[in-house]
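Just need the whole structure built from these sequences, with the hints factored in.
2 protein chains.
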Amino acid sequence: MAHFHNVKHTTYYVELIMQQLTDTLMETNATVVRQSFSVKFAYDVYFTTHLFDGKNTLLKDFLHQHKSDTVKKIFFVVDEGVMNHHGYLDEQIRNYFSHETSIALVDEIMVVPGGEAAKNTESLLLKIVDAVDKYSIDRHSYIVAIGGGAVLDLVGYAAAISHRGIRHVRIPTTVLSQDDSAIGVKNGVNYKGKKNFLGTFAPPVAVFNDFYFLTTLTDAEWRSGISEAVKVALIKDAPFFAWLKENATVLAARNMEAMKYLVQRSAALHMEHIASGDPFEMGSSRPLDFGHWSAHKLEQLSGFTVKHGEAVALGIALDSAYSFVSGRLSEDDAKSIVDVLLDLGFSISHPLMEIKDESSPVIKGLEEFREHLGGKLTIMLLSAIGQGEEVHELDIALLQKASAWLGTI
Amino acid sequence: MAHFHNVKHTTYYVELIMQQLTDTLMETNATVVRQSFSVKFAYDVYFTTHLFDGKNTLLKDFLHQHKSDTVKKIFFVVDEGVMNHHGYLDEQIRNYFSHETSIALVDEIMVVPGGEAAKNTESLLLKIVDAVDKYSIDRHSYIVAIGGGAVLDLVGYAAAISHRGIRHVRIPTTVLSQDDSAIGVKNGVNYKGKKNFLGTFAPPVAVFNDFYFLTTLTDAEWRSGISEAVKVALIKDAPFFAWLKENATVLAARNMEAMKYLVQRSAALHMEHIASGDPFEMGSSRPLDFGHWSAHKLEQLSGFTVKHGEAVALGIALDSAYSFVSGRLSEDDAKSIVDVLLDLGFSISHPLMEIKDESSPVIKGLEEFREHLGGKLTIMLLSAIGQGEEVHELDIALLQKASAWLGTI
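Protein sequences appear in the order of chains A and B. With the first letter of the first sequence counted as 1, position 28 gets the number 28 in this note's numbering; the numbers rise by one all the way through. With the first letter of the second sequence counted as 1, position 199 gets the number 199 in this note's numbering; the numbers rise by one all the way through.
If you are wondering where the hints come from, they were derived from the structure by calculation, not from laboratory data. Do not rely on the hints blindly, as some may be mistaken.
[What the hints assert, rightly or not] Pairwise CB distance ranges (calculated):
#: 1; chain 1: A; residue 1: G303; chain 2: B; residue 2: E122; range: 26 to 34 Å
#: 2; chain 1: B; residue 1: A220; chain 2: A; residue 2: E80; range: 51 to 59 Å
#: 3; chain 1: A; residue 1: E358; chain 2: B; residue 2: S136; range: 37 to 45 Å
#: 4; chain 1: B; residue 1: E122; chain 2: A; residue 2: A242; range: 52 to 60 Å
#: 5; chain 1: B; residue 1: A384; chain 2: A; residue 2: A117; range: 55 to 63 Å
#: 6; chain 1: A; residue 1: D219; chain 2: B; residue 2: H64; range: 34 to 42 Å
#: 7; chain 1: B; residue 1: K356; chain 2: A; residue 2: K55; range: 55 to 63 Å
#: 8; chain 1: A; residue 1: V71; chain 2: B; residue 2: D90; range: 51 to 59 Å
No residue lacks a Cβ here, since even glycine has one placed at the ideal position from N, Cα and C.
Spelled out as structure tokens, the structure:
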């Protein structure tokens, strides 16, 4: 048959023109075309002060980099808490874009409630999606989020799923989002009370960290994000840990120059890790989650009354103690880590974190941590300060010992 | 101040250890860390017959490739139309996995309605997301969709946003999904009547095309997907168009060997285009959408009574005619394209596609096409058979002329 001949002929032909491997799988009488490509993602993380001051051209310069024949829209969504502390912001943003001809500010500057509640409220997600429709915000337009980590996660998710992804700019306003979460590639919302059950990996096109927003944080908010810097120093960068040790007291006393340095160094370390590792977490390992298996569980057990940063400090203390009692880390180093956390103003013990026996509730965090990523349990411990080591099992007796050791300090 | 010194020192230090470009932007007193990484995506597209026959080990072999220490779950979502035609499928899938120890079939095989309605129904999306929760389907588990393009788009979207992306396997059952949509990287659902308003770019981990499913399609469904093969041949592959011309009549008569070839060749060409181009459509151009600006509008104008494939055939006829009347393509070539479409059983004219003046409704499709991708209007035309050419403007007078020329055939 002519067509059958053609089929034979063209399987061969496709192999040639595709320059792809086309195998004939003889046993199953099947053929395969193997697809493979890489997608490049690039974004800049800026550090500045007074981003929307008329004299600060950083954001405008960034927007003008992307030449275009069409006027691009820019839509702002702002955390209510930020707007309350920085009431001038609405007017300042409008002034900032008032003389722009190639960028059209969308008239509505949307204000949404901040904190974890933002991620629990489906109507907020749909409010942003509806604005995309209402204002004809296309893929080449910009959605800018100003706020803490929860608002950035919410807006980032809305931007990622609308039209399969609208350009997204993040302006984090807390220590935690500036030094860790906002400079990464994840977004998400909660679903039926499950944290980040819905979300995507979608890098922003740019991040602008404005240190001035940090001046209006409460002391607890200021401190909260520091634990992620301690974490990344411990697993990656001994000199940074030494610096944190030296500066723990002034950081606790809200020295801004020290904080600027901390934020930049921590952000750079997190970014370097993302770029050199597994950005979209296709494997089972998540090295940046040192101290997080128990922290996530504690947050949940406390009904989220323990803040993420406080919980991470407690988790770091526990896993550092475990690294010591399991023979990986010296007692001096473990003690030094705990001292830095205490100098920063963190607690290192909490009733819900105590491990007395196998039924201690925080232990359930191990299996939940495994489940979230799937595959084999993978936990980061310390073999030295600045040096992480992955293990696939934690021993309950040693966890009890670690918990007891923390109780002696 | 000591801390200030440290800041200076460490900006330099970060530059060294990050091996990233860290600029000091003097004018704005800002710093920047530039992030850049590539993510590799790879997936196999298989072509077979009777995928779930006990003797066909193709799917099992694929699943066993990914070694794991944990038992992986596999969850099936099946198009109701497919299940109606292939009632044995439920039992066949259960038998296929009955002796597996490393793969655990989720007990529920979910059946969802097919066709565009699947993408208009939020409760269906949530039904799949809820199953992910209920059956603890983690990122290393598999969600498999069996069905036409709409069901694959719905299930693919649910898989992409649950836990930020669960491994997704597609088993397309129509010509249109096997030769075009299912072998690509997009998913999506409709929102407030807007097609694909919500969605992501998320490559599957594998695609299995089972030709046997094509035997139960209606004649209209069988024909519908052929227009995408004609389209990709016209913009990329003159020999494939010559083959289509030679085989148009036997294709219309449902010759399966000819169809197998068409599906494989069309899928390979689409895949090659995705890999070599702009897989996640970050630019303004979408070359594979030859003939689609008017097709999308016609679908909408007809209240979706005109099928996508039929609309694309009409769109190809119009843009081929425009390529001729604008001096790009010879009249003989334009005539040859129209003849192939007619031999395949497609209509080349439709009252809603006629362009008599500027107020003809289909013309609005141009602006809507631009809006969807954003940026500058970019339309693919033909400079020869097998050779596309992008333009940024269509002339209304020439569109009228093209429409009139089609009326003379």
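Hints and how they fare:
Against the hinted window of 26 to 34 Å, the Cβ-Cβ separation of G303/A and E122/B comes to about 29 Å, which satisfies the hint. Hint check: A220/B to E80/A, Cβ distance near 53 Å, so the stated range 51 to 59 Å holds. The hint said 37 to 45 Å for the Cβ distance between E358/A and S136/B, and at roughly 22 Å that hint is violated. Against the hinted window of 52 to 60 Å, the Cβ-Cβ separation of E122/B and A242/A comes to about 53 Å, which satisfies the hint.
With their beta carbons about 59 Å apart, A384/B and A117/A fall inside the hinted range of 55 to 63 Å. Judged by the Cβ atoms, the range 34 to 42 Å given for D219/A and H64/B is violated: they are separated by roughly 55 Å. Checked against the hint of 55 to 63 Å, the C-beta distance between K356/B and K55/A comes to roughly 56 Å, which is consistent with it. For the hinted restraint 51 to 59 Å between V71/A and D90/B, the CB-CB distance of approximately 54 Å keeps it satisfied.
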